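Participant: What follows is the residue order along each chain.
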Amino acid sequence: MVDQPNVNNGVVLRTTGLSKSFGRLAAVKDLNLELRYGEVFGLLGPNGAGKSTTVGMLLGLIAPTTGDIEVFGLRLKEHRWPILRRVGAVIEEPAFYPYLSGRDNLEALARAIGGISRSKIADVLERVNLLDRAHDRYATYSMGMKQRLGVAFTLLRDPELILLDEPTSGLDPAGTKEVRDLIPQLANERCTVLLCSHLLHEVELVCDRVAILKQGTMIASAPVRELVARGQMLQIKVADPSAAAAVLRSLPWVKSVEEADGYLIVDAPRDSASRVNQALAEQGMFASELVNRGTSLENVFLELTGKEGRD
Amino acid sequence: MIRLISAELFKLRRRRMTRILLYVLLGVLLLMALILLGIARLTQMDLGLPLAVPVALTVLSSLGTVLAVILTASAIGSEYSWRTIRTMLTASESRARLLGAKLISAITIILIGMVIGVAAGFVMTLITTAIGGQALDFDFATASYARDQFLQFWRVFYVMLPYISLAFLFSVIGRSAMPGIAMGIGLLFVEPIVSGFMRLAGGWIAEVPDFLLNRNANVITGLGELPFAFSSIPFDDAPSVAHAAIVLAVYSVASIALAFYLFRRRDLTG
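Listed in order, the protein sequences are those of chains A and B.
Mapping the first sequence onto numbering that gives the first Met the number 0, position 91 (from 1) lands on 90, and the numbers just tick up by one.
Mapping the second sequence onto numbering that gives the first Met the number 0, position 59 (from 1) lands on 58, and the numbers just tick up by one.
Please note: incorrect hints may appear among the correct ones.
As the list claims (entries may be wrong) - Here are a few chain B residues that face chain A, going by a calculated C-beta distance under 7 angstroms:
1) Lys10
2) Trp81
3) Arg85
What the hints assert, rightly or not - Just so you have them, the derived chain B footprint on chain A, three or more residues with Cβ under 8 angstroms:
4) 54 to 68
5) 80 to 94
6) 111 to 118
What the hints assert, rightly or not - No more than 20 angstroms apart at the CA atoms, straight line, and that leaves these computed lysine to aspartate or glutamate pairs for DMTMM-like:
7) A:Lys119 x A:Glu188
8) A:Lys28 x A:Asp67
9) A:Lys76 x B:Asp266
10) A:Lys236 x A:Asp270
11) A:Lys76 x A:Asp29
12) A:Lys28 x B:Asp266
13) A:Lys213 x A:Glu33
14) A:Lys145 x A:Asp103
15) A:Lys76 x B:Glu92
Quick caveat, the hints were computed from the structure, so don't treat them as lab data.
Only a predicted model underlies this, so the values are computations on that prediction, with no experimental measurement involved.
Cβ coordinates follow ideal geometry from the N, Cα and C atoms, glycine included.
This is chain A alone, in the form it adopts within the complex (with noise of 0.2 angstroms):
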């Protein structure tokens, strides 16, 4: 057993080479992976990025073609249960039997895995707020309800370690809010968590990092606010934006200058505002404005992935 954060240098999830093809179509290309004890790690991209086809890795409902797949310090091959009693997933859209009630549903998924008191059932029920409909059936749920039962589920076994595969799909904002707010709260509880969504504000508030995929390759992976950081820019208002970029241009630690609605956009390191302003006024000009412009993880997603990440 390896449920201390210490064992395995607190690495609680690891793929190395991971890779999946479907016939031509290579789906995930060389994933390599690391999730810590604790931490709520995003799995980032757009559509047919690859991010279900790795959680239906993780879960071992799709076989790698090739890679390793290693959890709490054992290899999902040859430790497929041992490993899934101890993980919870929400996986897309949350499948139930529309015939049963949410609490017979639960109930009968915990006869399979085994070990689950009833009244933990009715614990995990009141914890998504779904007590009080628990007899009805799941056909007559909301979205909203439904997703609530599968987080239902992932707790029912008090997992250390979530995956959750696009949990507020089909939520309303309330809905949304309600899961959002649950995701840090199983971080705290000993949870290691992987989040993959589309939705980056969702994504910026709760993960501590994130990896980006396109087209099935990690194209980055780093802390969220690191990431963030990454896409800021210094924006400055000058008399004569063409002459001051011109300036900016000679400096070697600029990556690019930008005239946009009178400002000039700076790709800077985020620490050079006023290594900026004296480069500037030794050349006689004088900045009215000078600003690090914020950016959000979206922008960054959408300046990595491109044209894919606007579809």
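With chain A held as given, fit chain B onto it using these hints.
Facilitator: Just chain B now, with coordinates in the frame of chain A:
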């Protein structure tokens, strides 16, 4: 495995379709009991209690097989239609065990249904015999009668197995209940017609039905001492009992083995 079987039985028990299939069986058995009562009144023949169990078993071998095919195909096929197969797999020790639990549970429910069918058939005949004013004579219920009906019960079940197995296999292949139901029921009704034409064709083609299901199933169910109206027409060149038993077993085992092989290997996407 026990845990998974318990979960599967829980789901099957709660499913309305399971009850509907049982009601259909009971309805047909009641109809048969009433028909027998009518015939007995018209012909003054004693078609009462001694026929109750054999008639119920005959109904089970035909209609019962149809219902068993629907139940088995739905047990696996609906999991794909509702996409619950992925949810179930994440809660299962292994794919093979999940599929095994599904098959065992479906067979358990089928056996329970058969027992209920036989018991209900007997009770219904008891009632119709009493209504018809015939004597409730239990002299027929000798040890040899009981033994033969017991054996016939298992013969009927044995004959059902290849149809159930094929329905199971085709539901796995088609990822839906419909291919399994179509294959199971289609074989049950179309094969005798096709076999008839093959027999007429002569030559090696005439031998092919000996390796299909219907002819061999008739050999096995024909071993029971069924009343004249219910026994299949004897044919001179029928395959031997051993041949029939082996052919049916091969169909059952091969279908189940292939279903397990495919289920274990396939990716579950979408």
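Participant: Give a verdict on every hint.
Facilitator: Hints, one by one, checked against the model:
1. Lys10: Cβ of lysine 10 of chain B sits 5 angstroms from chain A, so the hint holds.
2. Trp81: holds, 6 angstroms
3. Arg85: holds, 6 angstroms
4. 54 to 68: holds (count 6)
5. 80 to 94: holds (count 8)
6. 111 to 118: Held - the region 111 to 118 of chain A has 3 residues with a Cβ nearer than 8 angstroms to chain B, which meets the minimum of three.
7. A:Lys119 x A:Glu188: holds, 16 angstroms
8. A:Lys28 x A:Asp67: Holds. Lysine 28 of chain A to aspartate 67 of chain A sits at ~12 angstroms (cutoff 20 angstroms).
9. A:Lys76 x B:Asp266: Answer holds: lysine 76 of chain A to aspartate 266 of chain B is near 14 angstroms, not above 20 angstroms.
10. A:Lys236 x A:Asp270: holds, 18 angstroms
11. A:Lys76 x A:Asp29: holds, 17 angstroms
12. A:Lys28 x B:Asp266: With Cα atoms ~17 angstroms apart, lysine 28 of chain A and aspartate 266 of chain B stay inside 20 angstroms; holds.
13. A:Lys213 x A:Glu33: Distance of about 18 angstroms is within 20 angstroms: holds.
14. A:Lys145 x A:Asp103: Since the Cα atoms of lysine 145 of chain A and aspartate 103 of chain A sit roughly 14 angstroms apart, the hinted pair holds (cutoff 20 angstroms).
15. A:Lys76 x B:Glu92: Judged against 20 angstroms, a Cα distance of about 13 angstroms means the pair holds.
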